[in-house]
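Chemist: What follows is each chain in one-letter form.
Protein chains: 4
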Amino acid sequence: MGFELQPTTEPGRRFVAQAEAHARDFATRADEHDRGATFPLENMSALRRSGFTAATVPHELGGWGLDSVLDYAIGIARLGRGDGSTALAANMHVFRTWFVARAWRASQASGEPAAAKRSAELLRGVAGGEVVLAAILSEAGTDHLHIRTEATRVDGGWRINGRKAFGTGSPGATVLGILVRYPGAGGEPRVALAHVPATAPGVEIKHNWDALGMRGSGSHDIVFTDCFVPDEDLADTGPWGRYTERYLAGNAVGTLGLVAVFLGIAECARDTILETIAARGSAGRHAVQQGVAEMEIALATSRAMVERSGRLMDAFFARHGHRMPPLAELHELMLDFQCTKAVVTQQAIVVVDRALTLSGGSGYLSKNPLSRLYRDVRAGPFMQPFSPYEALEYIGRVTLGVLEES
Amino acid sequence: MGFELQPTTEPGRRFVAQAEAHARDFATRADEHDRGATFPLENMSALRRSGFTAATVPHELGGWGLDSVLDYAIGIARLGRGDGSTALAANMHVFRTWFVARAWRASQASGEPAAAKRSAELLRGVAGGEVVLAAILSEAGTDHLHIRTEATRVDGGWRINGRKAFGTGSPGATVLGILVRYPGAGGEPRVALAHVPATAPGVEIKHNWDALGMRGSGSHDIVFTDCFVPDEDLADTGPWGRYTERYLAGNAVGTLGLVAVFLGIAECARDTILETIAARGSAGRHAVQQGVAEMEIALATSRAMVERSGRLMDAFFARHGHRMPPLAELHELMLDFQCTKAVVTQQAIVVVDRALTLSGGSGYLSKNPLSRLYRDVRAGPFMQPFSPYEALEYIGRVTLGVLEES
Amino acid sequence: MGFELQPTTEPGRRFVAQAEAHARDFATRADEHDRGATFPLENMSALRRSGFTAATVPHELGGWGLDSVLDYAIGIARLGRGDGSTALAANMHVFRTWFVARAWRASQASGEPAAAKRSAELLRGVAGGEVVLAAILSEAGTDHLHIRTEATRVDGGWRINGRKAFGTGSPGATVLGILVRYPGAGGEPRVALAHVPATAPGVEIKHNWDALGMRGSGSHDIVFTDCFVPDEDLADTGPWGRYTERYLAGNAVGTLGLVAVFLGIAECARDTILETIAARGSAGRHAVQQGVAEMEIALATSRAMVERSGRLMDAFFARHGHRMPPLAELHELMLDFQCTKAVVTQQAIVVVDRALTLSGGSGYLSKNPLSRLYRDVRAGPFMQPFSPYEALEYIGRVTLGVLEES
Amino acid sequence: MGFELQPTTEPGRRFVAQAEAHARDFATRADEHDRGATFPLENMSALRRSGFTAATVPHELGGWGLDSVLDYAIGIARLGRGDGSTALAANMHVFRTWFVARAWRASQASGEPAAAKRSAELLRGVAGGEVVLAAILSEAGTDHLHIRTEATRVDGGWRINGRKAFGTGSPGATVLGILVRYPGAGGEPRVALAHVPATAPGVEIKHNWDALGMRGSGSHDIVFTDCFVPDEDLADTGPWGRYTERYLAGNAVGTLGLVAVFLGIAECARDTILETIAARGSAGRHAVQQGVAEMEIALATSRAMVERSGRLMDAFFARHGHRMPPLAELHELMLDFQCTKAVVTQQAIVVVDRALTLSGGSGYLSKNPLSRLYRDVRAGPFMQPFSPYEALEYIGRVTLGVLEES
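Those protein sequences? They're chains D, R, H and Y, same order as listed. Residue 20 is where the first sequence starts when you use the working numbering, and the numbers rise one by one after that. Residue 20 is where the second sequence starts when you use the working numbering, and the numbers rise one by one after that. Residue 20 is where the third sequence starts when you use the working numbering, and the numbers rise one by one after that. Residue 20 is where the fourth sequence starts when you use the working numbering, and the numbers rise one by one after that.
Worth flagging that the hints you see were computed from the coordinates, not collected in a lab. From the three backbone atoms N, C-alpha and C, an ideal C-beta is built for every residue, glycine too. A few of these clues could be false.
Claimed, not checked - Here are the simulated PhoX-like pairs of lysine-lysine, each with C-alpha atoms no more than 20 Å apart in a straight line:
(1) K225/R x K386/H
(2) K386/R x K225/H
(3) K225/Y x K225/D
(4) K225/Y x K386/D
What the hints assert, rightly or not - Below, a sample of chain R positions facing chain H; criterion: calculated Cβ distance under 10 Å:
(5) H78
(6) Y201
(7) T291
(8) S406
(9) V421
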């Protein structure tokens, strides 16, 4: 019967099937891009051509109408089996598009035609394959709540200055979605999401990503120098330094996709070592059976967690419709998701570790894909928010109802 | 929103609600039965009066029509919050009844009116509250595949001799479902399931259960001495010493219920210590937050695993209808379930451990329910099949396709 | 060759050999005292008769001259193999005596004949078997730094009021060593150690110890009501609420003995299950070998940690002679010991857990000593200072040099 | 006071001090050799010049007279702080030399002047810095007990054919110590240790080491083609396919050195992140303190285990003098050491993992040494014998006294 995660909607099945096809292709180039730390532009092109990048665009705007968060995460996990770097980059587009689609529906429902029109234009661009988004969220030395990139008021819009880090997917994106700090009406710091063309004057992708793993993810630093953004491309998300509805919703959904990548990497490690065992004819050895069992348990756990969080999110957003859910409920959703993140990113590491152990040393050689997976999978616990120790603090505080105290 | 597991069917919601009501009541007596190692007959009576024991009897036969394995497991988990011993005992009735109901439908579908009639009678007895079943599966010094209790041919039926152990729920049962070894047509050893009235001549419940925990579960030894069983109450389940369809299906479903008990115990430990923390006003302490977070992660993991296995089983039996699924598929189902069993019974122990740690020593006192939960929860890994190390071997072998080799 | 810990001095060898002899005897009564939660007064008498309680009294004063902290810990571990409760109780005498002996030498070295005389008297009483000490350190709802038992100035001495908890060994002690808060010269709160005869007016041992495990340890509450202590029996140990040299030295040495008890319990669990395996003839089973290996690894780890901390302490006190070591160095010693405590108390739990798993259910029965060891061993992480999570904070802070910040 | 391991003998102190000096130097080139997967010949030259490679040569033959296995392991650990690859390579020389020195003494004691003379020559070469040994033990697809490299009888000696793998240190060695299979007097397969000049005809170092980590260790494949070895350079070690005294003694001592390398790597990771924390001023954060505490506990455990095994080995060889200890005792020594290996290689991984977590993402960048340590440290569990799962089997079997059964 097979126990891999299965999509629950029709667009989800299409998305997952397409992801599997892409993964087979991407797997053939993953080691090469890893060695050179090159961004797989051809992969991104393939994702645009196949319509994969249009999956979360509503039917009415030319997309596949993928709405289920669970199905989206499953598709990203499948992509991660082929190439974790590309899956990571693709996620930064797919989840952003999912939110733009949601904003489009909300604008329509609430009678905001101008906003709806802008969202629709962006989504049609995505559907047509001309637009690829990348959500660029991190900055060195601070967290997502305390963004330092600054937007200053100028005539008709804003000037943006700052430096982003871990700009995953940026080399393949046409539009960057970035968080900026800007002064509210009373001068108080607020946060906004700005959509900036990747080729806009003042945007410089530093092409400096050189890391232990996820080397093909293009996670470069990006510098913004007096970069102009018109009013309509900058949308307030709430007060700076505080948890907001958009922060929580965005990070729960978007980071679930990131977490799913590591499930995909773990599944790839498992398949890789099972092939090795079959080739060696060593399935009868106790030590082999034990290691395989530990992998299966870790994988079953990871799948159960991704599935549960995906289902909870689908039910959650279905219940709230186009309205933004209240903060307290979003914290509970985030709490649950942080449990999933903690477990899945850790268990994925366990799976790769056991595969290496079972390889008996051959997996340690550079030519063996396991040596790449060992490096890629360690990126999991870094996915924000939160760091592993901070996640414990967050989970504990929300459970105990003392989030705001310190 | 709350993250406890939620039933997915109407009968399931009724079952779970009733379980919660019972749990509140049972909790008031759990410590007393624990101290005296007494079987809570009043709890079993309450379960009969409320219709809880009739839940898995089909509507047509006067029951609640509970069919979902997931919902059944959730209900048992809820019961486990109040009293693990009673939940364990109740499970041995509920899952057996579930299988009798399934057999009844299969008999009807395949045109076996005599078998259908006998099943219906039993189920009507359950629905009316006169009949309580207990599946008595274990024997000391052997495993479920190699049962030693012997059925010998006599006129019109069989004489049963042997000794069962861990006879959970036996003091509250009117009918015992036991496995026996008997000679097949060619003299080869086979296994059968016999239904024996608890008061039949030759049945002796030893009332000798005195254990570390689960002290109210009435898990006595039961001795069968020349106990007569008529032909129609003994049903072949397959060759002795071999995995059979009935063995796998029965143990997957029945043991999921057992595993759910330990989720319930963990949830109780969590609620207990959260109350203590609230009373102490110590929620602001880092150490407290960390411990609580570790409990939440372990609970989220356990819930996700129970939910996933329950869903898989529901989909599995729905797909196969009344037919017995093929052995190979049942092994995959069992493999998945063994992952769940390994994780949940272990994580439940983690939750109770953290609760004890957070108690700061007060949880170690006999008067604190945590001291009982610490003893009860350790029964989890003993639930059969398999022992923890054997489970690794089984999972490894099934995954590698070498189950039969040794 | 055997890998159990071996004493390093001549008095240590005598102490350990005597401990082994006692352990064999105590083991025969451990289950009985556990069931009844009775204090094994006959064990304490045996320890007095054999001279075991006089081991840390200097030769010159009639004792065995046991000076090595490592050897003392090994002897306590051996005792713990026979009966954890008695070992715990014995520790509260032996380590206190060790410190009185140290104080006696320091008084002699520094020319304080009055203090030296009082110490010598006490030690001679111990050597003669008339005196048994018990250090009573804990109070409910606070930690060892923030003692609430109060000493108030009266003519010629102090009146003590307060309630102690976890008064391990109190039923067998003739003299209780307790910490009290008292007003310093400027009225500021300070801490003192008072030696109080167990039969003094105003001392009431509540005989209320009823706990999950360590049921024979006599860890009763003790209430002090206007209990008079003459000036010479109350010795200042430093400011209240602050780490002091005496606090750190006392708790490092004394708690190492407590930790050693859990090593002994683990060794007992290991021996118990190895006997079972031998009786069953199941040593050839892979699952058995795996479980045994996990026990061996956990035991080797625990022994290595106890040995390392004991050696470090012996070298440490040898280096400092009779002088009290400086606070900063004592914090480093405590840091190292907290690592040992964290690992040993946890690994001891692992050993008992594996033994239970290997027992296959029989270990869960009350008549099997493993069921007692499972309850006893869980006391380990409660040993003060610190709680497991607080220990992480302490270790982190000392390592990072920010102990005083908060 | 500091808790790093301290040598126990005078030559040991010299060795460790020299190792520390080398480590500071090697650290400056470690990243460069890692990037290029180049063997640090200049490091090996420095080790020869300083006399480090002569440390285990007896005083009488011009060396430092380092005899303590513990001290040798500590020195290797120190070297590992600077560059794990070089430490690994150095170990393959130092421990081989230790055994040659032991053989020299045994030959003298037993009156074998020819053998003593040859050993002395080799050792004098080492003392003079002309000779560097490398023990080359592994072959792909088999274990150390079932070597496939073949020695065939020819006039005056043997012709060797075969392929070795993981030939750590080979580019810097002048003499390779390799295991070969050869026919005994009755034609039965036996094992011998052959010393082969690295430049001998028929020796080809493939210079093909390209791995995940330990990239500067020169662990190339080495092919032997009709390579001639004179009789006196080939010494029988016992029957092929069976545990022998030499196998156990050699692997216990030699692999302890390998294991020590990973302690050194862990210590380096710890120091690296502590510097980062100090630079960031983040020592006051709870999450930081927790992570640091987990590192300290893992390091304390690793140190305790290395120290304990080293002490046990020193006492063991001291007890047996020049005689080869009996097989049964060597199995117990190996059992203890396998516990150490399991724990230290695993805990070293934990330390590096926590350091990475504390780095918050910056440690994942290639320019951060932590990213190299993460790759290097994963080599630990591959050190032979045994693989992690096989070690469990070995430990279990030896403990249970059923090593020979299967």
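Chemist: Does each hint fit the structure? Answer for all of them.
Modeler: To see whether the hints hold, each was checked on the structure:
1. K225/R x K386/H: 16 Å, holds
2. K386/R x K225/H: 16 Å, holds
3. K225/Y x K225/D: 39 Å, violated
4. K225/Y x K386/D: Holds, because 16 Å separates the two Cα atoms, which is no more than 20 Å.
5. H78: 38 Å, violated
6. Y201: Violated. Min distance 26 Å.
7. T291: 14 Å, violated
8. S406: 6 Å, holds
9. V421: Violated, because the Cβ-Cβ distance from V421/R to chain H comes to roughly 14 Å (cut-off 10 Å).
In this structure, the hints that do not hold are numbers 3, 5, 6, 7 and 9, in rising order.
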